[in-house]
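Undergrad: Sequence:
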Amino acid sequence: MIDSNLLRENPDAIKASQRARGNDESIVDDAVQADANWRKCLQAYETLRAEQNAAAKLVGSASKEERPALIQAGQVLAEKVKAALEVANAAEVHLNELIWKIENVVIEGIPAGGEENFTVIKEVGTKQTFDFEPRDHVALGELLDIIDIERGVKVSGSRFYFLKGWGARLELAMMNMALDLASKHDFTALITPTLVRPEVMAGTGFLGEHSDEIYYLPADDLYLTGTSEVALAGYHRDEIIDLSAGPLRYAGWSTCYRREAGSAGRDTRGILRVHQFNKLEMFSYIKPEDAENEHLKLLALEEAMLQACELSYRVIDTAAGDLGSSAARKYDSEAWVPSQQTYRELTSSSNCTTYQARRLNVRYRDENGKTQTAATLNGTLATTRWLVAILETHQQADGSVRIPAALRPYLGGQEVIEPKVRA
RNA sequence: GGAAGCGUGCCGGAGCGGCCGAACGGAACAGUCUUGAAAACUGUCGUAGUUAAUAGCUACCGUGGGUUCAAAUCCCACCGCUUCCUCCA
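In my numbering, the protein residues as written are 1 to 423.
Think of the hints as simulated: they come from the structure by calculation, not from any bench. These figures come from a predicted structure and were not determined experimentally. Careful, some of the hints might be misleading.
No farther apart than 30 Å at their CA atoms in a straight line, the calculated lysine-lysine pairs in the DSBU-like style are these [unchecked claim]:
1. Lys122 <-> Lys287
2. Lys370 <-> Lys420
3. Lys57 <-> Lys82
4. Lys15 <-> Lys287
5. Lys101 <-> Lys15
6. Lys154 <-> Lys420
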């Protein structure tokens, strides 16, 4: 939710943002008007209500003879108040409808336009080349007996899989390494619920146009989360948090569930796009003025992980039109996937400024003791999908896969995953 | 799943349909005292909306409805918590 003060003081800034995103900017004028109207109606109601309160007070202290007349006057006032309240409520609903539709104001300087208009910030590492015909992760997974897609489909349907043996251990190793890294940088580990209430799902901004992406359990009125970001953002909902000693940072581990409703036919091979995977997510609550620096910190940690996994990657500054509604800026890092000869997203880090926190009502006290809305940021530190890049990048001619050195301590020192040998 | 009880401010804990935004105690903060601290004393001490305003007004006592001139207080529904029984990783 955008700041209503900004709407009053500088609607042009919001319009510029809407334009950069390719969104409708006339909605901003509508909102300004609705806001003025709401305030007018609210004042009318409050004046009447004050009158009513005063009148009701009189009844209490009135004598027996005076009472009937006063009560009758009160009844008339009560009618008026009720009517005025309805008008004010309707005006507020109308305003909220408009204001909730306006997406976060993007940070100045980010590229305008759609998905293809990103800016490449940097490329790191050299794209892996092979002097043999490289296999894709599906073939490697089968050969090494570490990814069992066939049985995943048998048990749960398309886009499901089993990680087996070294595959399962590799994922856990990666998660543990990521958690160690995060812990060293002041992130508190958190294993989060994956079923959340509608208010929390709505508060994080996922129930908008992407609601068909989300699994819903009608019998319990709960949503399965597609990322622990949802639970992490809801964690401090309706709280006044203490940021005087620095930001609150969490590293949330959870399984993530996605319906992938809009992507039928896309990435159907392998485990690149699946209904269920695991993820370690960083999340920061911070003072708004420090948010941009924090964003760079999250990105730096993501890069540290990518480098520890010895992947080659690039970092992009996502264009305005490709941002989620809550994000003001988003850095993605994409690893080189040899079998596809292209970069694929492995991490995504968003600065949501105060947009998400305002919806969830997360505040802090500034130096003067005044409450202010906090800023929130999130970023990926590891997901199941990383296995795709790791396996494909580090494969060898015989189909074995070299384990990056940084991961070995988490795998009992294992250096290579060898093809399964049939007895 | 069955039974009972409870949901009030940072915490504990009162609260009669009007005098309750809410007693009292604690915590916290500021001051006095002190070399400093503790103790004691004094004061401050919820959140938000509206407004030029730290003036006023409005709203909030789990949530949403209802009754009433007037609701923390009465009624209904929902949510949550606690205890006991049952069951169970």
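Undergrad: Take the hints in turn and mark each one as holding or not.
TA: Hint-by-hint comparison with the structure:
With a CA separation close to 28 Å, the supplied pair lysine 122 and lysine 287 stays within the 30 Å bound. Between lysine 370 and lysine 420 the CA atoms are separated by roughly 63 Å; this puts the pair beyond 30 Å, and the hint is violated. A C-alpha spacing of about 18 Å is found between lysine 57 and lysine 82, which places the hinted pair at or below 30 Å, so the restraint holds. Distance hint between lysine 15 and lysine 287 is fulfilled; the C-alpha atoms sit about 25 Å from each other, no more than 30 Å.
For the proposed pair lysine 101 and lysine 15, the alpha carbon gap of about 13 Å is at most 30 Å, so the pair holds. Restraint check for lysine 154 and lysine 420: satisfied, since their Cα atoms lie roughly 22 Å apart, inside the 30 Å limit.
The structure fails to meet hint 2 from the earlier list, while all remaining hints are met.
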